[in-house]
Amino acid sequence: MAKSILAHDNGRVGRSASARTRETGLKIVMTIVFLGVGLLMVLPFLWMLSASFKNAADIFRYPVQWIPEKWDWYNYRKVWTEGVTFGVFYWNSIKITFLQVVGTLVTSSLAGFAFAKLRFRFKELIFLVYLSTMIIPSQVLFVPRFIMFDQMGLVNNHLGIILPGMFTVLGTFLMRQFFSSLPNELLEAAKVDGAGYWRMYWQISLPLTKPALVTLLILAFTWHWNEYENPLILLRDRDLFTIPIGLTSYMDENGTNYPLIMAASCSALAPLILIVSICQRWFVEGIASTGLKG
Amino acid sequence: MKWTEKSKENLAGYLFILPNVLGFAFFILLPLLFSLFLVFTEWDYLKGIGGITFTGFANIERALQDEMIYKSLKNNLIFSVVSVPAAMLIGLLFASALNKFVYMKSLIRTLIFLPYMSSLVAIAVVWRVMYNSSEGPINAFLRSIGIDSPPGWLASPDWALPAIIIMTVWTYIGYAMVLYLAGLQGISKDLYEAADIDGASGRQRLLSITVPLLKPTSFLIMVTLVIASFQVFAQVQVMTNGGPMHSTSVLALYIYTQAFEFRDMSYGATISWVLFLVIFAVTMIQWRTQKKWQNQF
Numbered sequence: 001m002a003k004s005i006l007a008h009d010n011g012r013v014g015r016s017a018s019a020r021t022r023e024t025g026l027k028i029v030m031t032i033v034f035l036g037v038g039l040l041m042v043l044p045f046l047w048m049l050s051a052s053f054k055n056a057a058d059i060f061r062y063p064v065q066w067i068p069e070k071w072d073w074y075n076y077r078k079v080w081t082e083g084v085t086f087g088v089f090y091w092n093s094i095k096i097t098f099l100q101v102v103g104t105l106v107t108s109s110l111a112g113f114a115f116a117k118l119r120f121r122f123k124e125l126i127f128l129v130y131l132s133t134m135i136i137p138s139q140v141l142f143v144p145r146f147i148m149f150d151q152m153g154l155v156n157n158h159l160g161i162i163l164p165g166m167f168t169v170l171g172t173f174l175m176r177q178f179f180s181s182l183p184n185e186l187l188e189a190a191k192v193d194g195a196g197y198w199r200m201y202w203q204i205s206l207p208l209t210k211p212a213l214v215t216l217l218i219l220a221f222t223w224h225w226n227e228y229e230n231p232l233i234l235l236r237d238r239d240l241f242t243i244p245i246g247l248t249s250y251m252d253e254n255g256t257n258y259p260l261i262m263a264a265s266c267s268a269l270a271p272l273i274l275i276v277s278i279c280q281r282w283f284v285e286g287i288a289s290t291g292l293k294g
Numbered sequence: 001m002k003w004t005e006k007s008k009e010n011l012a013g014y015l016f017i018l019p020n021v022l023g024f025a026f027f028i029l030l031p032l033l034f035s036l037f038l039v040f041t042e043w044d045y046l047k048g049i050g051g052i053t054f055t056g057f058a059n060i061e062r063a064l065q066d067e068m069i070y071k072s073l074k075n076n077l078i079f080s081v082v083s084v085p086a087a088m089l090i091g092l093l094f095a096s097a098l099n100k101f102v103y104m105k106s107l108i109r110t111l112i113f114l115p116y117m118s119s120l121v122a123i124a125v126v127w128r129v130m131y132n133s134s135e136g137p138i139n140a141f142l143r144s145i146g147i148d149s150p151p152g153w154l155a156s157p158d159w160a161l162p163a164i165i166i167m168t169v170w171t172y173i174g175y176a177m178v179l180y181l182a183g184l185q186g187i188s189k190d191l192y193e194a195a196d197i198d199g200a201s202g203r204q205r206l207l208s209i210t211v212p213l214l215k216p217t218s219f220l221i222m223v224t225l226v227i228a229s230f231q232v233f234a235q236v237q238v239m240t241n242g243g244p245m246h247s248t249s250v251l252a253l254y255i256y257t258q259a260f261e262f263r264d265m266s267y268g269a270t271i272s273w274v275l276f277l278v279i280f281a282v283t284m285i286q287w288r289t290q291k292k293w294q295n296q297f
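Chains as they are written, first to last, in our numbering: chain A, 1 to 294; chain B, 1 to 297.
None of these hints come from the bench; they were simulated from the model.
None of the values given here were measured: they were computed from a predicted structure.
Any given hint could be a false lead.
Once the Cα atoms are required to be at most 30 Å apart in a straight line, the calculated DSSO-like pairs of lysine-lysine come out as [what the hints assert, rightly or not]:
1) A:Lys210 / B:Lys8
2) B:Lys100 / B:Lys189
3) B:Lys105 / A:Lys27
Pulled a few chain B residues facing chain A out of the computed Cβ check, cut under 7 Å [stated by the list, open to error]:
4) Leu111
5) Leu114
6) Leu220
Over 12 Å on every C-beta distance to chain A, these chain B residues come out as not near it, computed from the model [what the hints assert, rightly or not]:
7) Thr53
8) Glu61
9) Glu67
10) Ala86
11) Pro162
12) Asp190
13) Ser201
14) Gln204
15) Gln231
16) Met245
Cβ coordinates follow ideal geometry from the N, Cα and C atoms, glycine included.
Generate the whole structure from the sequences, applying the supplied hints.
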């Protein structure tokens, strides 16, 4: 009796162990396949990286020499030291994005709090007007904004990009959703204790929405860091350019000097790729939790 | 006069939304109204404000007869109809594999996700060189596997749009995959175990559990990507600037060309409302059919 139970158990363990081995085998094969897929996905980046160290004669040699015979830093020296350098583009991009992101966090969380937790007249109407403009594509705003900014001297001026970037309907909507999820009792208790509205926002609600703020920060960063149309339309002088239009200006000027253009592309992409790789969990969660396209 | 609690809350509410409302009014609402006004004018921009004349429906009539708008619209449609389903399908396949069948999940996810996070402009610059028809690495590879006359890609009117679509799908996949991965987390493992007991094949599990339960996710991805794809601009402007022979012209690029290269502000504004109407109509159709679509599987 005891023996047969043991045998039976052994049989079960044996079966599930072999199933597990099969599963592990499948997983290893799939891992190798998908490492290949992942490699294929980043192949253009790898090609860019290797091409940026080559000279014009070698860049198109086939089969591709993924690791250059000799590392030619000439292209990078040129991109980073001659004329208006990538350092300038970087400084402009960092400055503009930083102010846009900070502005977005401030205006969105203030308004989101009020829309979620305060009662005031016309609140629903104002919010409805907000939401109804979300369907309008940004292209509709480019022409009128350019004309308005031209009249106000904001063309060829960083302010013309920073100021509109500090307000987003989407960000306000997101923050409103997050604030709405906080229990009303919390604020009522604070009110009984004599807290003013500012304290309810700053000391009580805001600390609880830290995850939401991080999400909005990441989204706003991805919206603005790669922004192309606005700077393209509004900026004229090269020393005001951000990274994307700085890069296309390189492309326009250097036509077929492909290694130089690849060094410029690499200079434009590398830091972002580094940041996304290190903080990938946050980026993935920020996009997955909101469904928003960057 | 003593402040009542209610008027205090009113005032607080207005103060909290004030910075946002000011920005909204000035940078969104006012430009929208101004843009609508522009549609009914002709503006010789070099003459300043004095160059505005009221022309009624002239811009709209011009737009209705403008072949470039139809051509751009057609390209937009092809672009969306091909790139969105392709990215969703590949994204779903990748996500279902990554969800269960691989080790080093976060590394692989990051690799697939990187193109989506990268600057579209920088990517377009790189692909433009890779697509080089005579010497680029893509055609060199195709020749090496025996295709003697590979496509002319960006230089060919037939292949330029497909070339841009391929590159765009490559960037969209990461977005679709990340959302599908999040959707898959929400599906209970019990369902799959029950399917295992019933002896369901992998394909059956995918088609009768995964796909139906991911419908809300699919709908979200579809709506977002369709809206984004109709606004396609950067990759087209960098890679072909609408050419060759207008074969890659899209509405957003046509707006840019008219308004900022030809300085025809009124007509640029008019086309931008065409783009709005198209996106609006397409989104409405998707919402309307959502119910049917949800029950179809």
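Against the structure, the hints:
1. The straight-line distance between the Cα atoms of A:Lys210 and B:Lys8 is roughly 27 Å, inside the 30 Å bound, and the hint therefore holds.
2. Distance restraint check for B:Lys100 and B:Lys189: the Cα-Cα separation of roughly 11 Å lies within the 30 Å cut-off, and the hinted pair is therefore satisfied.
3. Taking the CA atoms of B:Lys105 and A:Lys27, the gap is about 11 Å. The hint holds against a cut of 30 Å.
4. Taking 7 Å as the C-beta cut-off, the interface hint given for B:Leu111 holds, the closest approach to chain A being about 3 Å.
5. Hint status for B:Leu114: holds, given a least beta-carbon distance of 6 Å to chain A, under 7 Å.
6. Given the 7 Å rule on beta carbons, the hint for B:Leu220 holds: about 5 Å separates it from the nearest Cβ of chain A.
7. With a closest Cβ-Cβ approach of about 15 Å to chain A, B:Thr53 is found to remain outside the 12 Å limit, as its non-interface label requires.
8. Distance to chain A confirms B:Glu61 as a non-interface residue, since its nearest Cβ pair spans about 19 Å, more than 12 Å.
9. Look at B:Glu67: its CB is around 20 Å from the nearest CB on chain A, clear of 12 Å, so calling it non-interface holds up.
10. For B:Ala86, the shortest C-beta to C-beta distance to chain A comes to about 15 Å, beyond the 12 Å cut-off, and the non-interface label holds.
11. With a cut of 12 Å on Cβ distances, B:Pro162 stays outside the contact zone with chain A, its closest approach being about 17 Å.
12. B:Asp190, annotated as away from the interface, keeps every beta carbon of chain A farther than 12 Å; the closest lies near 18 Å.
13. With a least beta-carbon separation of about 14 Å from chain A, B:Ser201 lies farther than 12 Å from that chain, consistent with its non-interface assignment.
14. Interface exclusion of B:Gln204 from chain A stands, the closest Cβ pair being 17 Å apart, more than 12 Å.
15. Distance to chain A contradicts B:Gln231 as a non-interface residue, since its nearest Cβ pair spans about 5 Å, not more than 12 Å.
16. Here B:Met245 stays apart from chain A, with its beta-carbon at least about 21 Å from theirs, past the 12 Å limit.
Comparing the model with each earlier hint shows a violation of hint 15 alone; every other hint is respected.
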